[in-house]
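Chains A and B supply the protein sequences, listed in that same order. The numbering of the first sequence is the working numbering, which starts it at 204 and goes up by one. The numbering of the second sequence is the working numbering, which starts it at 2 and goes up by one.
In short, the hints are calculated from the structure, not lab data. Among the hints, a few may not be true.
Distance condition first, Cα-Cα at most 25 angstroms in a straight line; then the derived BS3-like pairs of lysine-lysine [claimed, not checked]: (1) B:Lys81 - A:Lys594; (2) A:Lys303 - A:Lys326; (3) B:Lys22 - B:Lys55; (4) B:Lys32 - A:Lys277.
Here are the in silico distance ranges between beta carbons for each label pair [as the list claims (entries may be wrong)]: (5) B:Ile25 - A:Gly296: 22 to 32 angstroms; (6) B:Gln6 - A:Asn293: 35 to 45 angstroms; (7) A:Lys303 - B:Ile25: 46 to 56 angstroms; (8) A:Gly459 - B:Lys4: 24 to 34 angstroms.
Listed next, the stretches of chain A that the computed footprint assigns to chain B, with coverage defined by at least 3 CB atoms under 8 angstroms from CB atoms of chain B [what the hints assert, rightly or not]: (9) 261 to 272; (10) 338 to 349.
Glycine included, each C-beta is placed from N, C-alpha and C at the ideal position.
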Amino acid sequence: MANRSVVITGLGVVASNGVGIEAFDEALRGGVSGIRRQQDMVDAQLRCHIAGRPMISDDYKHAYLSNLMFSKVKNHAVINGLLAGLEAWNHAGLTSGAEKVDDDSGIIMGSGALGLDFSTSEKMHTVENGLSRKLGSFTIPESMSSGASAFLNSILGLGNRVLSNSSACITGSEAVLLGYEHIVSGKAERMLCGSTEGDGIYIWGGFDALRVLCADSNHDPAKGSRPMSDSLGGFVPSSGAGALVLESLESAQKRGANILAEIKGGFVNSGGQRNGGSLTAPNFQAIVNCIKNTLALSKIEPGQIDLISGHLTSTPNDVNEVKCWAEGLGLSSGNFPYINTPKSMIGHSIAAAGSIELVACVLQLVNNYIHPSINCETVHPELSDILSQEKVPSKTLYKEINTVIKANFGFGDLNCCVVLQKWKG
Amino acid sequence: MDKEQIIKELIEIITPYVPEKDLIDNIDESKELINDLHINSAHIVDIVLDVEEKYDIMIDDDAIGKMNTVGESVSMILEKIKS
Numbered sequence: 204m205a206n207r208s209v210v211i212t213g214l215g216v217v218a219s220n221g222v223g224i225e226a227f228d229e230a231l232r233g234g235v236s237g238i239r240r241q242q243d244m245v246d247a248q249l250r251c252h253i254a255g256r257p258m259i260s261d262d263y264k265h266a267y268l269s270n271l272m273f274s275k276v277k278n279h280a281v282i283n284g285l286l287a288g289l290e291a292w293n294h295a296g297l298t299s300g301a302e303k304v305d306d307d308s309g310i311i312m313g314s315g316a317l318g319l320d321f322s323t324s325e326k327m328h329t330v331e332n333g334l335s336r337k338l339g340s341f342t343i344p345e346s347m348s349s350g351a352s353a354f355l356n357s358i359l360g361l362g363n364r365v366l367s368n369s370s371a372c373i374t375g376s377e378a379v380l381l382g383y384e385h386i387v388s389g390k391a392e393r394m395l396c397g398s399t400e401g402d403g404i405y406i407w408g409g410f411d412a413l414r415v416l417c418a419d420s421n422h423d424p425a426k427g428s429r430p431m432s433d434s435l436g437g438f439v440p441s442s443g444a445g446a447l448v449l450e451s452l453e454s455a456q457k458r459g460a461n462i463l464a465e466i467k468g469g470f471v472n473s474g475g476q477r478n479g480g481s482l483t484a485p486n487f488q489a490i491v492n493c494i495k496n497t498l499a500l501s502k503i504e505p506g507q508i509d510l511i512s513g514h515l516t517s518t519p520n521d522v523n524e525v526k527c528w529a530e531g532l533g534l535s536s537g538n539f540p541y542i543n544t545p546k547s548m549i550g551h552s553i554a555a556a557g558s559i560e561l562v563a564c565v566l567q568l569v570n571n572y573i574h575p576s577i578n579c580e581t582v583h584p585e586l587s588d589i590l591s592q593e594k595v596p597s598k599t600l601y602k603e604i605n606t607v608i609k610a611n612f613g614f615g616d617l618n619c620c621v622v623l624q625k626w627k628g
Numbered sequence: 002m003d004k005e006q007i008i009k010e011l012i013e014i015i016t017p018y019v020p021e022k023d024l025i026d027n028i029d030e031s032k033e034l035i036n037d038l039h040i041n042s043a044h045i046v047d048i049v050l051d052v053e054e055k056y057d058i059m060i061d062d063d064a065i066g067k068m069n070t071v072g073e074s075v076s077m078i079l080e081k082i083k084s
């Protein structure tokens, strides 16, 4: 069992620049920004007035949700997670709605501040006004952190492990790593893995108070998120969800599934909030260790890496992150790989970031391209020894991509890193 | 408002909560909401809220306990509308 291969057979995504994998793939290649001015942030007098919110049409929701869910479920984190999860399940060629429980399949759909989605505002007022009897039966599943998983499984009927992890900005990549480990251990054949985040001023207000959001682009939203650039100003918040169907190679081959990529391995750790690490800042040595352990566990040499999909939120920490990549991989100028993150287009989707970005990694692997970084005309001067401008393409670069290393770093001093490789059968 | 109209409107209200379409196609006054129509018991509170909103009435907890069948629910609605 220890050597079981795990492959990815389905993708789903809800992002501010594209809802559904086809639209998202097109938006990534086109360098399309999903960042817009948000009236609720203006009205609440946040410093940052821009964010990425997915534009989900009613037709799109109707295609996946029952009339009851369509009309009753209001929490955007739950809706995003449902739509991404169901798209991934369908994309993998798997069916839903059967009477029989599928004991070989499970779900790991993490979330960040699911209960702080703006939709909860109305429910808070209902309770405060003494009308709690009017909350209805959906309030609890829509506010529990496992809400997205719970609603997903009401449709899918899966009998294996159903978990909702929560680990700040690494939530999405950790969900995928947990699913990978669960399948490698032989306990499941298929795991629907991903993460979701809702939206609104209750979530974003706290980040604004920390002065970590971008406040210099309120009148030019698409220019706000500038990872790795010489004008790192703060991150642009966003909402959305990503989902990937992970499957044992045996299961995928047995049912003739379309194999998109292979997960080679990964590692998750914490800096212990020591040696520079804190609730909000990373211990850099732990990041380097996480990258090194990921390489060892994935049996990958640094020179094999075609693309780094970084965390790279467009804050001053981008500089430190790239330095950690250089140290962890033992690579610098000349042999440093291409590096990107969808955040220049969609902002930072917080707990959803990792899964959305892993979906982007698989799309780039399958379709052989490196998507652009749209706001990095000049790489940050402190990175010039490591990173030449050509390694941060401003236009989509079409080339063979075989190996991608992806990392996310999160509050609480958490790190997660995963290696994906093209499936060549 | 006559009974036939209430039945029609009640069926419209409960339809989204009924998991299988053929159960709605064969609905009649004798059908129990949970046992016959397979409505998740948690959704009874949602149906009560929908009914309260539709008819601008208040259905207390004792009354909810007496709404087992479609017919009983219709009687309850008629009674509350009149009172």
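Go ahead and decide if the range 22 to 32 angstroms is satisfied by the Cβ distance of B:Ile25 to A:Gly296. The hinted range 22 to 32 angstroms holds for B:Ile25 and A:Gly296, with Cβ atoms some 31 angstroms apart.
Check of the region 261 to 272 of chain A against chain B for coverage (Cβ-Cβ below 8 angstroms, three residues minimum): Coverage by chain B holds here, the residue count being 3 at a Cβ distance below 8 angstroms.
Within 25 angstroms, alpha carbon to alpha carbon, are B:Lys22 and B:Lys55? Satisfied, since the Cα-Cα distance of roughly 23 angstroms is no more than 25 angstroms.
Hinted pair B:Lys32 and A:Lys277, Cα distance within 25 angstroms: violated (31 angstroms)
Within 25 angstroms, alpha carbon to alpha carbon, are B:Lys81 and A:Lys594? Cα-Cα ~72 angstroms, so violated.
Has the region 338 to 349 of chain A got at least three residues whose CB is nearer than 8 angstroms to a CB belonging to chain B? Check passed, 3 qualifying residues.
Cβ-Cβ distance between A:Lys303 and B:Ile25: within 46 to 56 angstroms? violated (24 angstroms)
Taking the CB of A:Gly459 and the CB of B:Lys4, does the distance hold inside 24 to 34 angstroms? Violated: the Cβ-Cβ distance is about 56 angstroms, outside 24 to 34 angstroms.
With respect to the beta-carbon atoms only, verify the hint that B:Gln6 and A:Asn293 lie 35 to 45 angstroms apart. For B:Gln6 and A:Asn293 the Cβ distance comes to about 41 angstroms; the hint holds.
For the pair supplied as a hint, A:Lys303 and A:Lys326, confirm whether the alpha-carbon distance does not exceed 25 angstroms. Answer violated: A:Lys303 to A:Lys326 is near 35 angstroms, above 25 angstroms.
Hints 1, 2, 4, 7 and 8, counting from the list given before, are not met by this structure.
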